[in-house]
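Work the whole structure out from these sequences, hints included.
Take a look at the letters that make up each chain.
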Amino acid sequence: MGKVIVVTSGKGGVGKTTSTANLGTALALLDKTVVVVDADVGLRNLDIVMGLESRIVYTSMDVIEKQCELSKALVRDRRVDGLMLLAASQKNNKDDIQPEQMKAICDKLRTTHDFVLIDSPAGIERGFSNASAGADEAIVVTTPDVSAIRDADRIIGLLQNARIEPINLVINRFSPQLVGNGSMMDQADVLDILNIDLIGIVPEDSEVITSTNRGIPLVYEDASAGAQAYMRIARRLTGQRIPIPDFEQKGLLNNIMNWFKKKK
Amino acid sequence: MANPIVALRAYRDGLHLIIRPHLSIAEVEEAIQQEISRMNRSLAGTSVQIVLKCPALEEEDISLLRSKLQETYDLTVRGVEVADAPVLAPIAAAPTMHTISPATDSRDSRDGEISRVVPHTLRSGQTEEFPQGSLIIYGDVNSGSEVRAGGDIVVLGTLRGNAYAGMNGRLSAVIIAMDLAALQLQIGNYVTRPTVNEKPRGYPEIARIGAEDVIIVEKFVKF
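Protein chains in written order, with the numbering used here: chain A, 1 to 264; chain B, 1001 to 1223.
Rather than coming from a laboratory, the hints here were simulated on the basis of the structure.
Be a bit skeptical, because a hint or two may be false.
Below, simulated SDA-like cross-link-like pairs (lysine to any residue); rule was C-alpha separation at most 25 angstroms, straight line [claimed, not checked]:
(1) 32/A / 45/A
(2) 1219/B / 189/A
(3) 1199/B / 247/A
(4) 11/A / 1162/B
(5) 1199/B / 246/A
Computed beta-carbon distance windows for the label pairs [stated by the list, open to error]:
(6) 197/A / 1222/B: 31 to 41 angstroms
(7) 240/A / 1138/B: 28 to 38 angstroms
(8) 1191/B / 54/A: 55 to 65 angstroms
(9) 1038/B / 197/A: 53 to 63 angstroms
(10) 91/A / 1139/B: 43 to 53 angstroms
(11) 1110/B / 163/A: 35 to 45 angstroms
(12) 76/A / 1198/B: 48 to 58 angstroms
(13) 1138/B / 43/A: 35 to 45 angstroms
Note that the Cβ used here is the ideal one computed from N, Cα and C, for glycine as well.
Right under this line is the structure:
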């Protein structure tokens, strides 16, 4: 039986879709069978980030309306074995799907795949309840800024009410430079507020934008800091114990600066 | 509202003039004047014991008070004693002791009051309301959440959200948090926006309605 994990955040634009695409691909590169499910009905994006938009024939809406079999609606990613996409319908809107219908799809997918990653839409309404309906676990993506954190906090409360656990945190777009000069919250501040387990930190990386536009998830190219961070998170999802590296800026000057900051 | 600085109380050994923490001796004089004018009978010819519930007064301040009481109100000072003076120095200009107003109103009594325990952190969007008594939160109250209680609110974590104590109008209600970082606090019909600190202060704080009818936030010292 596979695991169904919802990737969510509350706030938009923090990297849910990018994280879903990269974690899904990374898990497949680790020889797991994976389906990534776009739950953002009416505003789908996961297909573009995965570079599969031209190959979608059926969507989850067609499966629900019994226009096709679930297995036929899955789009195979040819670049890696074991990776599938279930696209969302772009013509419908979120209210056209019931949480029970999403749950039924997830329950079917988990019998055939190791991981089912659901890309949740932003917000706390129907789209979110659809996306989380069939989930066993959650990954909450946040950026280290106050508005994203407040929204993440709200989402964590809703996930806890729905008895979805564990809830793991990904801090995305983390900038050691900004933390170093005191204009960005550090990891400890974020964890103090959200108080859930941290599964990874993805540093700010301009490669992400290029990879999104090209439709090639970052993790195919090993080199960038972002790709390595996503690979580490994927390994942690498979149960490997990998320490979270310290991204904070080191060096004598920074140590002296930090010493002064602490005195203040 | 009871005078926060000076109280006149009758005890078996006679009148006690209790002086609580204050900013200046002039403030004490003014408070004495207010307190005595509230009495509905003259105190002339009686004697008082000065009880200091504040850091010890200077010798000259005491002799000033002694002559003032004698001349203006015909009150003889029997003696001066220091009662459970607070150990801590005043924080900035604020008084150190919490002068919870005595139960002048049945609503102010904490006797037999029930409390509700919230055994988890309150996250953004979650609210907890308990008009029947006080709320104790075993966690944080995060930004975007709200706690409302008829009595006091005690947060055994960081208070970042909104807290409303004394929601039925009890002005003696207090808000205590291990780390008080709220954007807005309300007690009875008083609202305040405490100064936001970049760093946690490292000690618990209490918000209460203080002198001059404003909510003050200060270091929590046990009652």
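Output the indices of the hints that this structure fails to meet, ascending. none
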